[in-house]
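Novice: What follows is the residue order along each chain.
There are 6 protein chains.
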Amino acid sequence: MVYLTRKEHFNAAHKLYNAAWSIEKNEMMFGACANENWHGHNYDLYVTIKGEPDVNTGFIMDVKVFSKIIKEYAVDKLDHKNLNLDVDFMKGKMCSTENLAMAIWQEIEPHLPKNVTLHCIKLYETARIYVEYFGE
Amino acid sequence: MVYLTRKEHFNAAHKLYNAAWSIEKNEMMFGACANENWHGHNYDLYVTIKGEPDVNTGFIMDVKVFSKIIKEYAVDKLDHKNLNLDVDFMKGKMCSTENLAMAIWQEIEPHLPKNVTLHCIKLYETARIYVEYFGE
Amino acid sequence: MVYLTRKEHFNAAHKLYNAAWSIEKNEMMFGACANENWHGHNYDLYVTIKGEPDVNTGFIMDVKVFSKIIKEYAVDKLDHKNLNLDVDFMKGKMCSTENLAMAIWQEIEPHLPKNVTLHCIKLYETARIYVEYFGE
Amino acid sequence: MVYLTRKEHFNAAHKLYNAAWSIEKNEMMFGACANENWHGHNYDLYVTIKGEPDVNTGFIMDVKVFSKIIKEYAVDKLDHKNLNLDVDFMKGKMCSTENLAMAIWQEIEPHLPKNVTLHCIKLYETARIYVEYFGE
Amino acid sequence: MVYLTRKEHFNAAHKLYNAAWSIEKNEMMFGACANENWHGHNYDLYVTIKGEPDVNTGFIMDVKVFSKIIKEYAVDKLDHKNLNLDVDFMKGKMCSTENLAMAIWQEIEPHLPKNVTLHCIKLYETARIYVEYFGE
Amino acid sequence: MVYLTRKEHFNAAHKLYNAAWSIEKNEMMFGACANENWHGHNYDLYVTIKGEPDVNTGFIMDVKVFSKIIKEYAVDKLDHKNLNLDVDFMKGKMCSTENLAMAIWQEIEPHLPKNVTLHCIKLYETARIYVEYFGE
Numbered sequence: 001m002v003y004l005t006r007k008e009h010f011n012a013a014h015k016l017y018n019a020a021w022s023i024e025k026n027e028m029m030f031g032a033c034a035n036e037n038w039h040g041h042n043y044d045l046y047v048t049i050k051g052e053p054d055v056n057t058g059f060i061m062d063v064k065v066f067s068k069i070i071k072e073y074a075v076d077k078l079d080h081k082n083l084n085l086d087v088d089f090m091k092g093k094m095c096s097t098e099n100l101a102m103a104i105w106q107e108i109e110p111h112l113p114k115n116v117t118l119h120c121i122k123l124y125e126t127a128r129i130y131v132e133y134f135g136e
Numbered sequence: 001m002v003y004l005t006r007k008e009h010f011n012a013a014h015k016l017y018n019a020a021w022s023i024e025k026n027e028m029m030f031g032a033c034a035n036e037n038w039h040g041h042n043y044d045l046y047v048t049i050k051g052e053p054d055v056n057t058g059f060i061m062d063v064k065v066f067s068k069i070i071k072e073y074a075v076d077k078l079d080h081k082n083l084n085l086d087v088d089f090m091k092g093k094m095c096s097t098e099n100l101a102m103a104i105w106q107e108i109e110p111h112l113p114k115n116v117t118l119h120c121i122k123l124y125e126t127a128r129i130y131v132e133y134f135g136e
Numbered sequence: 001m002v003y004l005t006r007k008e009h010f011n012a013a014h015k016l017y018n019a020a021w022s023i024e025k026n027e028m029m030f031g032a033c034a035n036e037n038w039h040g041h042n043y044d045l046y047v048t049i050k051g052e053p054d055v056n057t058g059f060i061m062d063v064k065v066f067s068k069i070i071k072e073y074a075v076d077k078l079d080h081k082n083l084n085l086d087v088d089f090m091k092g093k094m095c096s097t098e099n100l101a102m103a104i105w106q107e108i109e110p111h112l113p114k115n116v117t118l119h120c121i122k123l124y125e126t127a128r129i130y131v132e133y134f135g136e
Numbered sequence: 001m002v003y004l005t006r007k008e009h010f011n012a013a014h015k016l017y018n019a020a021w022s023i024e025k026n027e028m029m030f031g032a033c034a035n036e037n038w039h040g041h042n043y044d045l046y047v048t049i050k051g052e053p054d055v056n057t058g059f060i061m062d063v064k065v066f067s068k069i070i071k072e073y074a075v076d077k078l079d080h081k082n083l084n085l086d087v088d089f090m091k092g093k094m095c096s097t098e099n100l101a102m103a104i105w106q107e108i109e110p111h112l113p114k115n116v117t118l119h120c121i122k123l124y125e126t127a128r129i130y131v132e133y134f135g136e
Numbered sequence: 001m002v003y004l005t006r007k008e009h010f011n012a013a014h015k016l017y018n019a020a021w022s023i024e025k026n027e028m029m030f031g032a033c034a035n036e037n038w039h040g041h042n043y044d045l046y047v048t049i050k051g052e053p054d055v056n057t058g059f060i061m062d063v064k065v066f067s068k069i070i071k072e073y074a075v076d077k078l079d080h081k082n083l084n085l086d087v088d089f090m091k092g093k094m095c096s097t098e099n100l101a102m103a104i105w106q107e108i109e110p111h112l113p114k115n116v117t118l119h120c121i122k123l124y125e126t127a128r129i130y131v132e133y134f135g136e
Numbered sequence: 001m002v003y004l005t006r007k008e009h010f011n012a013a014h015k016l017y018n019a020a021w022s023i024e025k026n027e028m029m030f031g032a033c034a035n036e037n038w039h040g041h042n043y044d045l046y047v048t049i050k051g052e053p054d055v056n057t058g059f060i061m062d063v064k065v066f067s068k069i070i071k072e073y074a075v076d077k078l079d080h081k082n083l084n085l086d087v088d089f090m091k092g093k094m095c096s097t098e099n100l101a102m103a104i105w106q107e108i109e110p111h112l113p114k115n116v117t118l119h120c121i122k123l124y125e126t127a128r129i130y131v132e133y134f135g136e
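Residue numbers (this note's numbering), protein chains in the order written: chain G, 1 to 136; chain W, 1 to 136; chain C, 1 to 136; chain A, 1 to 136; chain X, 1 to 136; chain B, 1 to 136.
Any given hint could turn out to be false.
Identical chains share a label here; the pair holds if one copy fits it or two copies do between them.
[Said to hold, decoys possible] In the DSS-like style, the derived pairs of lysine-lysine whose C-alpha atoms are separated by at most 30 Å in a straight line are:
#1 71 - 7
#2 25 - 64
#3 25 - 68
#4 68 - 93
To be clear, the hints were calculated from the coordinates, so they are not data collected in a lab.
Working from the sequences, and respecting the hints, build out all of it.
Specialist: This is the structure in structure tokens:
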């Protein structure tokens, strides 16, 4: 069993804002992250799969195909977007890095080939903050 | 003469959009960067000054004071903000990295002590794109 | 269950020196690291917790509060200090990266909120050497 | 139990080419990686061991000795080499990052002292692709 | 005047070998870099241009167009190639990083628009070695 | 004319302390950096030379020889040392990054071959603070 990780990235706007709360409570809870006019990040996304290397290729999966799946089902829907307004799979959710990582897992997992298993979604919001989700 | 550089960072939303143009022309010129709902970046800002080290301290400038000036006149006005809507010194300008670097120079330069000279504003929009402005 | 990591850093002096041994044995065992006049490092500290995202915030923990705990109970006691002489929780221990990581776990763990679990202390001594401690 | 990681690196040429296939099939499967005249990489190698810190040194293992073992049994055989032609332990195997990581485990593991356990070989082929092997 | 830099990368094989010299002299001069079976690198390429920002776009040049020129005239000819054997503009030259940076300048410079000036080719061979060429 | 840069590093202890001042004034001027028991850093040192590539090698200078000079005249005197107490060429000077960079220039410059010119000493004290010295 070998683990293979591909790094991708996307740039997006978001805010942390709970519509059930007052502006004051949002500011108290989220500080500058609640700025009504949005802010944004360069997100770094690491996707890890595991599997057995194929005898003929030495690959657990062709990294170009892997990258294409990540782009089609996650990056293309997130890059240069507003996470709160433009992303169907984030509708109705708080746009925290935690929730975003979990949602990206849901989007990518069904499209991977059967001989590999999705192991981890690791998402950097800034160079000093990241979350990891292992699917459970 | 020694050059001293301090790195700071800020996270902001923006879009590239020229109000004098149609939506179609904006999309043609700026592509995904023109997304009306904004996108955003983790900007890395490097500010470089030059001067002679003081005999008593060995410093051309106390880096804590230097950092405080960068924060007060640039980072605090940019961090967790919308560059198009929230930043007084970007009003009426295209929010390109080029224009932002030049504007940051204008904001910081008057507040530096007389014994140092502002040398360079270096601004990373992403890990693969940066601009430098030397004041002329 | 989601894992959240916050990176902090501190700059400190230390030496590797076992007081029960002769100077010669210390030099033989620790080489340049035993220099009696100390040396030092920029330590990078990654603290990882795990928990369930809160429905209202999307957070497993507010990263500002998390950062504040790391600073109060670890970074503020280590930054710009001599690890052998100035740090109460390293008294009587060898100042290896291994022991430092384990000690940081002991300092931080009791102060975290009940709904999250400390998962890992990862400590870089240099860009090429790091240790991880998972609490057992 | 503490985990200790040492980063090393090596520069090597390779190609992805299955001698049982036609040139056309190799190009179809491996694209530019099948270039008959080779290409190459700066590989970053992270080796992680685990063990209990020694009471007298605070180390699970002297990192200089650890580094020397990695160099003798892996890096010196790989650095400035052609992975397909020059490396005895890659003979007859596809030169994928997966296979290389597994082979490096086999080379290093028997030479580690009994009081530590090899935990992980992590190998970066590029800044955006890496594999991890945990020995099973 | 603002300076804009775009980072690209390519992976290539090469060797340092002067055909006018004996194998022994090549090994004496270039050490492991003269390995007849080649070695390779992940090259990081930074291309810097300077110019005046356009009033309507805020750009000195559209970074997508800039990136496309770098790819067409440099990266696509170098990536996954053997620098000694496969690259027309390196024929008959020693494959040092110095010569490669100078050759990349010659390839890119004629294809840039008239309103910008090529300022610098910065080329990393490894994370610890890079060269810069300013065209004179 | 091509510029060649080599990165080296060293780990050292220091403090900022002016012996002509009281403890109180030192603390007021240098804050935590004046801690009498020292603190320390992982310094990253970039040395840049310029020259014409040799026709036979393609090098402006053999980077192994260049690295050896930096090590012999700078790194070996600084690594795992106390900059205030152990380094002959820092005696009687404030141990600021500015002064250290200027001193490293003085140590290295006389030992470079005649066909290259020392261009820059760039010294990182932390990932967010660096100085550059160009010899004048």
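Novice: Could you run down the list of hints and mark each one as holding or not?
Specialist: Hint-by-hint comparison with the structure:
Taking the shortest alpha-carbon separations for residue 71 and residue 7, both the intra-copy value of 11 Å and the inter-copy value of 21 Å come in at or below 30 Å. When the C-alpha separation of residue 25 and residue 64 is checked against a cutoff of 30 Å, the pair qualifies only between copies, where the shortest distance is 16 Å, while the shortest distance within a copy is 45 Å. In this assembly of identical chains, residue 25 and residue 68 lie within 30 Å of each other by CA distance solely across copies; the values are 21 Å between and 41 Å within a copy. Taking the shortest Cα distances, residue 68 and residue 93 sit within 30 Å of each other both inside one copy (26 Å) and across copies (27 Å).
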